[in-house]
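Participant: Take the given structure of chain A and dock chain B to it, following the hints.
Chains as they are written, first to last, in UniProt numbering: chain A, 1 to 444; chain B, 1 to 444.
Everything labelled a hint here was simulated from the structure, so no lab data went into it.
Be aware that a few hints might be false.
Identical copies go unnamed one by one, so any copy, or any two together, can satisfy a pair.
Claimed, not checked - Simulated pairs of lysine to aspartate or glutamate, EDC-like, Cα-Cα distance not exceeding 20 Å:
1) Lys36 <-> Glu92
2) Lys186 <-> Glu28
3) Lys36 <-> Glu329
4) Lys186 <-> Asp30
Bear in mind the structure is a predicted one, so any value in this text is a computation, not a measurement.
Number of protein chains: 2
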Amino acid sequence: MTHDTLRLGAFFYATGHHVAGWRHPSSEADGGITLKRYIGWAQRAEAAKFDLVFLEDGTGIRDGDLRSSERTARSTHFEPVTLLSALAAVTERIGLVATTSTSFNEPYNVARRFASLDHLSGGRAGWNLVTSATDLEAANFGNDRIARHADRYERAEEFADVVLGLWNTWDDDAVVIDRASGQFSKPDGFRPLHHKGKHFEVRGPLNLSRSPQGQPVLVQAGSSGPGRDLAARTAEIVFTAHQTLAEAVEFYGDLKARLPRFGRAPGDLKVMPGLFPVVGRTESEARAKFEELQALIDPVVGLALLGRMVGGHDLSGHDPDGPVPELPETNGAKSRQQLMVDLARREGLSLRQLYLRIAGARGHSQVVGTPAQIADEMEERFRAGGADGFNIMPPTLPGGLDDFIELVLPELRRRGLFRHEYEGCTLREHIGSRPPAGFGPARA
Amino acid sequence: MTHDTLRLGAFFYATGHHVAGWRHPSSEADGGITLKRYIGWAQRAEAAKFDLVFLEDGTGIRDGDLRSSERTARSTHFEPVTLLSALAAVTERIGLVATTSTSFNEPYNVARRFASLDHLSGGRAGWNLVTSATDLEAANFGNDRIARHADRYERAEEFADVVLGLWNTWDDDAVVIDRASGQFSKPDGFRPLHHKGKHFEVRGPLNLSRSPQGQPVLVQAGSSGPGRDLAARTAEIVFTAHQTLAEAVEFYGDLKARLPRFGRAPGDLKVMPGLFPVVGRTESEARAKFEELQALIDPVVGLALLGRMVGGHDLSGHDPDGPVPELPETNGAKSRQQLMVDLARREGLSLRQLYLRIAGARGHSQVVGTPAQIADEMEERFRAGGADGFNIMPPTLPGGLDDFIELVLPELRRRGLFRHEYEGCTLREHIGSRPPAGFGPARA
Chain A
1 MTHDTLRLGA FFYATGHHVA GWRHPSSEAD GGITLKRYIG WAQRAEAAKF
51 DLVFLEDGTG IRDGDLRSSE RTARSTHFEP VTLLSALAAV TERIGLVATT
101 STSFNEPYNV ARRFASLDHL SGGRAGWNLV TSATDLEAAN FGNDRIARHA
151 DRYERAEEFA DVVLGLWNTW DDDAVVIDRA SGQFSKPDGF RPLHHKGKHF
201 EVRGPLNLSR SPQGQPVLVQ AGSSGPGRDL AARTAEIVFT AHQTLAEAVE
251 FYGDLKARLP RFGRAPGDLK VMPGLFPVVG RTESEARAKF EELQALIDPV
301 VGLALLGRMV GGHDLSGHDP DGPVPELPET NGAKSRQQLM VDLARREGLS
351 LRQLYLRIAG ARGHSQVVGT PAQIADEMEE RFRAGGADGF NIMPPTLPGG
401 LDDFIELVLP ELRRRGLFRH EYEGCTLREH IGSRPPAGFG PARA
Chain B
1 MTHDTLRLGA FFYATGHHVA GWRHPSSEAD GGITLKRYIG WAQRAEAAKF
51 DLVFLEDGTG IRDGDLRSSE RTARSTHFEP VTLLSALAAV TERIGLVATT
101 STSFNEPYNV ARRFASLDHL SGGRAGWNLV TSATDLEAAN FGNDRIARHA
151 DRYERAEEFA DVVLGLWNTW DDDAVVIDRA SGQFSKPDGF RPLHHKGKHF
201 EVRGPLNLSR SPQGQPVLVQ AGSSGPGRDL AARTAEIVFT AHQTLAEAVE
251 FYGDLKARLP RFGRAPGDLK VMPGLFPVVG RTESEARAKF EELQALIDPV
301 VGLALLGRMV GGHDLSGHDP DGPVPELPET NGAKSRQQLM VDLARREGLS
351 LRQLYLRIAG ARGHSQVVGT PAQIADEMEE RFRAGGADGF NIMPPTLPGG
401 LDDFIELVLP ELRRRGLFRH EYEGCTLREH IGSRPPAGFG PARA
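Bound conformation, chain A alone (with noise of 0.2 Å):
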């Protein structure tokens, strides 16, 4: 740990994380396509002094089986850096980070939006760099498949060097408006960035000067080695899932000890876990809304995202509740088939019982328990090396996000591991990190 206290990110997934969640009465079901939902929860979310609001996305309908998404609410919902821009508009202080894939869009439109979001928030916006992992996203963008997992970090590695250089074309005082003279920009303000590479060749100079961040916070998820390096050399936040507490510690430890090749300190890349949390006053209250949750999963859908999470398997002709059977390497999220199928084999789990065991957190840690049990877990994480914080995602939303809220954070309080006021404005402030180097502002 580099801070004596956690950064918390309010992770939404409307209408909550759990994949029954919107037909539970703690949710508005209809959150996904309704702003003033989102405004109430992101309003809620900075009343708690959160560090950010976080955003996932995807570049299509990532079920094959129009049956399951139609008994989901995920099959439809705002497309995240337009929804966190009308955020920006009635939030003051909470980051707000968006998920944009590098696999089907342009590195000049990634950064131009994502530095428009920063200068609209006042410096709160963050960038969720993913690569798409699947066919079904691909074919809304001329392609049967998805690309090679080598081929898609290799173009996320070149995509984020464009947008960090596009970035830093302008100086940060480069904007003088001097009415007199006539001069807006000061003289060499701003230059091309001249980058010629294998998938990209950019001009620059941004259209737009340098944001109040100095460039928006970088965020990662991906956790295979490209995408260890990756996060590495450019992000401030990582973004990932580990059951066990030895997985965590492993995954934290090899993170950091990569930063001083790319000249950075441990502080300067925070880790965040997601956090499933189910809270109840008493640790039987807390099961009972668990197993309200779960009893609400219906099995196409629970096979269904089960199929999704090992990597695009069409398992809708399996018996719930035979074995998970041999699956074929995909070119999907690797390491997320993995942590499935290891799962499923350590505890000999059927395709039922894993779909239950997902449904909620899909791979990242479940806790249901007590405000006390909660903070314990994230106190033993954190004092472990294995996290400086948690994206928290909600079961349901708002209900999850209250309890996490009138529960855990006070007991997180008492305990010195949560602030009590913002310290700082902007995002980069919140989380206390430096800009990767080399990409600083002019001035730093």
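Facilitator: Chain B in isolation, oriented as in the chain A frame:
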């Protein structure tokens, strides 16, 4: 004319449309990168009952001469869809139209972002479809030169079809949210598009349900032959530029005559030319205001602006007081180049006289006068069948907008030419059109 009142857009080009507007005390010179300025302008335009806010866009700095860029406010500005998303959260009724190019984007992404804006705003989104026309923009996307005009339009045609198709992959009553049965959307409520064309292969469906307007309003600005056909087939608003009443009437008549070929009625497409008004309580006050702005134009900026307006020529070596040289045809925006050259030849203007002429309106109608004179001009073009309304281009922001609202709107209302209150809630209701045939809501 197909309505008895005018449609009016508030075209926000921070810090005002006059190229030296940012130097004038009636502008907020940091507007291009300061959200609270835009919020103020948009809320004033909404209080005045404008149909829409309109934002142009470019995918790069469009002035190759960085010396000139440094002396204008336009080198740094928000990306328009993120900006309008922020404005959606703090306005209630006014339409929100942003420009996005078909040249360097993917239709799936564009369809999502505008559908998202339509959801965020409760049915107020519009997409101004353009093709990019400068080599400098192309160079940010791996191309030395911009594609030929005909190729750009071929791509734009197919792009529009894919976007309209994706917006129609969801039935308008698809989302049912039945918690008890577990059916979130109705069976077969959405479906793939399976588009396969020359430029794009897109499977669909969109991962966002049908938006409040059924689909965002499509706006176009092309006035070439292919541009007119594309507009007649797909657009609900055409933004255009004409210097003379005769040209405006010709264009209006030609465009409306093309509509029946695509199964559409004259009222389904609104022609809204740009109008650059310099308003004074007396004509001499208006003239003085205008001359004050003109005197602020730096010759470096004037020649660069003119060079861009005639298709991307470098005029920096020419004598400002010499004649307009012969210009080779470019791949750029043909119609605008012709407009400029015709104007210079017709009136025997020097380069300086020409850039002074276009520095405000950039080829659009420019009226310097009293509220009655400006209203006369608007009423004449409206009643002669040359416009359904106007896209108002304030010389400075907010000063020029306030002048129009406080002085010209009362005059238009006295004449019964502009609304006192919004009649509806969506942009489509404001402009009173119907979506293109074959692309309408399923229930229509």
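Participant: Which numbered hints are broken by the structure, listed smallest first?
Facilitator: Hint 3 is the one this structure does not satisfy, whereas the remaining hints hold.
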